[in-house]
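Asks: FYI, my numbering numbers position 198 of the sequence shown as 198, with every residue one higher than the one before it.
Quick caveat, the hints were computed from the structure, so don't treat them as lab data.
Misleading hints may appear alongside valid ones.
[To be verified] Each computed DMTMM-like pair below joins lysine to aspartate or glutamate, with the alpha-carbon atoms no more than 20 Å apart:
(1) K103 / E46
(2) K103 / D93
(3) K103 / D50
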Amino acid sequence: MELVAPKDEVVLYQVTDGVAHIKLNRPDQINAFNIEMRDMLFQTLELYRDDNEAKVAIISGEGGRGFCAGADLTEFGTTPSQVISRDVRWERDLWGLFIALRKPIIAKLHGYVIGSGIEIAALCDIRVAADSSVFRMPEVALGMIPAAGGTQTLRNMVGASRALEIIMTNRMIDASEALKIRLIDRIATEDNLDRAVQNVARSLAELNPKLLSSLQSTVIKGLDLTMAQGIQYERRNFVQGK
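Produce the complete structure using the sequences and hints provided.
Replies: As structure tokens, then:
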């Protein structure tokens with residue numbers, strides 16, 4: 001079975017051999033994240049969640065310039081304030097949907113991975129980046145704090161001190177440093193990025209979906225538990241999965 005979204009949509013969806021390909025599709029704007037893209041990505045993730053043919057998803061950005069250049073700043077001028085613009089983005093809980101998904105998502109990153117691009121990638125299970133990728137959290141330069149999960153997901157990934165340093169300094173991070181500080185999980189050359197991501201996706205697609213779901217639930221719920229509680233929850237899931 002193969003499902004294909006129209007090529008003029010801002011988010012594309014296609015399933016091949018059990019792997020869903022989700023693509024941000026505003027290449028002329030380096031896939032800058034706007035309200036339309038938020039709504040389409042929400043619908044696409046719901047489609048992936050309910051698609052029995054799709055066992056794993058790869059999310060990527062169209063075009064050679066980058067995965068996502070962050071929020072579309074042109075929208076900020078169409079509302080009375082930047083705060084209202086951000087409030088509009090909260091109306092549909094895209095980030096909550098990412099967290100609630102019990103199917104794996106791999107972020108395939110290249111070029112610019114800025115602001116919302118980092119936040120989207122951070123909500124994925126595995127992040128594979130081209131060695132030419134660059135990362136940045138620019139919100140402080142706009143007089144704002146990250147409000148699409150960045151303060152929390154970055155803290156969980158790289159630690160509180162490092163997360164504050166990245167956000168406060170608004171500096172660019174290359175792929176080598178991103179791997180070192182665990183902002184990403186793997187690096188591949190640009191020529192080998194597709195193959196590297198596909199290899200990960202195929203390996204996950206071969207696993208029992210219930211096993212993957214249980215594993216995700218155990219790790220994510222454990223973030224809100226003490227160590228002892230987390231171990232008990234893990235044990236319960238292990239027994240139920242036998």
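Asks: Give me the numbers of the hints this structure contradicts, sorted from smallest to largest.
Replies: none
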